[in-house]
Amino acid sequence: MADHRPAVAAQRRERMRARLIEAALPVVARKGIAETQIEDIIAAAEVSRGTFYNHFPTVAELLRAAYQQLGNELATRVEADIRAEPDPARRMAQGLLNFLATARAYPLVGRFIVGLGVTGLGEGNLVHALLPPHLEAGVRAGQFLPMPLDLAVDMIAASMMVALQRDSRGETVNPTDVIAALLRMIGVSVAQVAQLATLEPVVLQMGPETLVARSNALLQDG
Numbered sequence: 001m002a003d004h005r006p007a008v009a010a011q012r013r014e015r016m017r018a019r020l021i022e023a024a025l026p027v028v029a030r031k032g033i034a035e036t037q038i039e040d041i042i043a044a045a046e047v048s049r050g051t052f053y054n055h056f057p058t059v060a061e062l063l064r065a066a067y068q069q070l071g072n073e074l075a076t077r078v079e080a081d082i083r084a085e086p087d088p089a090r091r092m093a094q095g096l097l098n099f100l101a102t103a104r105a106y107p108l109v110g111r112f113i114v115g116l117g118v119t120g121l122g123e124g125n126l127v128h129a130l131l132p133p134h135l136e137a138g139v140r141a142g143q144f145l146p147m148p149l150d151l152a153v154d155m156i157a158a159s160m161m162v163a164l165q166r167d168s169r170g171e172t173v174n175p176t177d178v179i180a181a182l183l184r185m186i187g188v189s190v191a192q193v194a195q196l197a198t199l200e201p202v203v204l205q206m207g208p209e210t211l212v213a214r215s216n217a218l219l220q221d222g
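Just so we're aligned, residue 1 is where the sequence shown starts under UniProt numbering, counting upward by one.
No lab work stands behind these hints, which were simulated from the structure alone.
It cannot be assumed that every hint is accurate.
Stated by the list, open to error - If you anchor each label on the Cβ, the simulated ranges turn out as follows:
(1) ARG15 x ASN174: 40 to 48 Å
(2) ARG166 x ARG12: 36 to 44 Å
(3) GLU209 x GLU61: 21 to 29 Å
(4) ALA194 x GLU14: 46 to 54 Å
(5) LEU145 x ILE38: 44 to 52 Å
(6) PRO208 x PRO133: 25 to 33 Å
(7) PRO132 x VAL162: 17 to 25 Å
(8) ASN174 x ALA34: 27 to 35 Å
(9) ILE38 x VAL202: 37 to 45 Å
(10) GLY170 x ASN54: 33 to 41 Å
The beta carbon of each residue, even a glycine, is placed where N, CA and C say it ideally should be.
Turn these sequences into a full structure, and let the hints guide you.
Structure, rendered in structure tokens:
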């Protein structure tokens, strides 16, 4: 007879991680990233300090996990929206525009971006899986310059995070200018960039089951 205990234990562990991550959101909404303490999180999650440390070594690690989940949900939603577009440059431009527009529509996501910046772009971030195929398609089509994929992904992701950080601080950020600069950086011609500048950003609807969607209500409650 198969021993299901390891699988059950793994599921229980994932549920507790999710519970702790979700518990952190209203705390961040109320106090901000810098002021969020372990006492706040374990009180919101109704767990012991020991339970917390069984899943996360530090509050910073928990916040990075929450940030990564928010970013991955956004990236997955954008990918689903642009997947059918056949032109690689147009697909890249619309996807980046939509990511910026949708992230700006959820203020709690902005708080994580301002507080944690590029620290959420490490291992486990879906951008490293989702962007390379689009970059490779653009190179094959002669629209993008050949370059190391990991370097291109890092430059695009970091530039997007900095733009969102500036926006969350109240600075003036023109999404079209940001995307135009990124497209030129990867080799899109000046003429095509001018054409793509007419694209309109779309705020994508996030499903109610996502952490991103729930974050707005949590911010309002906070």
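Quiz item: Of the hints stated earlier, which fail here?
Solution: When the structure is compared with the hints, none of them turns out to be violated.
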